[in-house]
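Per numbering that gives the first Met the number 0, the very first residue in the sequence shown carries number 0; after that it's consecutive.
Treat the hints with care, since some could be wrong.
[Said to hold, decoys possible] Ranges of calculated distance between the beta carbons of each label pair, as one might list FRET restraints:
1) Glu196 with Glu85: 49 to 59 Å
2) Asp66 with Tyr180: 23 to 33 Å
3) Asp66 with Pro37: 14 to 24 Å
4) Gly239 with Glu85: 43 to 53 Å
5) Gly77 with Ala193: 31 to 41 Å
If you are wondering where the hints come from, they were derived from the structure by calculation, not from laboratory data. Just so it is clear, the structure is predicted and the values come from calculations on it, not from any experiment. No residue lacks a Cβ here, since even glycine has one placed at the ideal position from N, Cα and C.
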Amino acid sequence: MKIYIISTVSLFFLFTAIPAEAQRMIERGMTLNPLENPAVNLQVGESGWFPQVGGWASFGSYALHGDDNHQWYQHLGGYFEIYRRENRTSVAVTGQIEFIANADNDINFSPRAIFWEEGLLYTRRMNRFFLQLGYYHRCKHDIDNLRFGEERTSVFGSALGRIVLPLSLSTDGDGLLAFQYDHYTITWEKRTPALYEGISPDWENLINSLRLNAAWQTGLNGRTNLYFDGYTMSSFLKDGFLMSGKVRAEVGSRTEAGEVRFGVHLEHLGDSGISVHPRAVTLLGIGIRIMTPGSIR
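Let the hints inform the model, and build the full structure from the sequences given.
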């Protein structure tokens, strides 16, 4: 049964990550669950305000980027748990940015675009899984694009529902599946020059999306672990649907203070969200990630 689950998930990512095309969510490659932080433990009948803060950061280079927009990336995010009831109910706020730069200046580090997200997330522990509900605001803004004579700004807002299913494949809690549904209440995009308005994909026609995240880890020696994760996402527009996907492998160490991972990932985006004329891009990235242990997978 364990081998069957691993094989199914692996084949799912293999066949859906290649023809990838969808909007660029910052948290697309991770799953946040404040109730899984082992450093916070409330007893039965106990509740508390502001029990924890946590976050994540990553920095790396695109060894293969396929366009002129991607050379460096940086992710920075955090969450603030407002209220917790025992270890069963959590309300948290979260925010994160994805910063993209290319090498088109004297120091080989030219800011190209920034993506921003902020949200409110409710988490409830059920018998064998976690139920999450929330609302996220997402937007993308150009930085130093005046010299290109173009601008592309996107704004999305969505109500989401997510089921997080911990799995025990080889050891207790070594695997994870997360199924997410987003229903978009705000879809707005502006492109300058105006002749690029309406070129597909037109994200103003976005209705909803489905996303599957999977993660698995195994111990190597001592505190060193090997990590595998990825996602696939389908976005449904008024005139069709598009897909995105990513796979990642990392080696790292987990401590009580935090988790540090070094790794490589392969991602294909049918629309990078940067160029005023939508373009597909395949990205091979190498970098480092730092995160709060347990609550971020």
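Hints, verified against the model:
1. Evaluation of the 49 to 59 Å hint for Glu196 and Glu85 yields a pass: the beta carbon distance comes to about 51 Å.
2. For Asp66 and Tyr180, the Cβ-Cβ distance of about 30 Å falls inside the hinted range of 23 to 33 Å, so the restraint holds.
3. Range check, Asp66 to Pro37: Cβ separation about 41 Å, and the 14 to 24 Å hint is violated.
4. With their beta carbons about 45 Å apart, Gly239 and Glu85 fall inside the hinted range of 43 to 53 Å.
5. For the pair Gly77 and Ala193, the beta carbons lie near 37 Å from each other, so the given range of 31 to 41 Å is met.
Checked against the numbered hints listed earlier, the structure breaks hint 3 alone; every other hint is satisfied.
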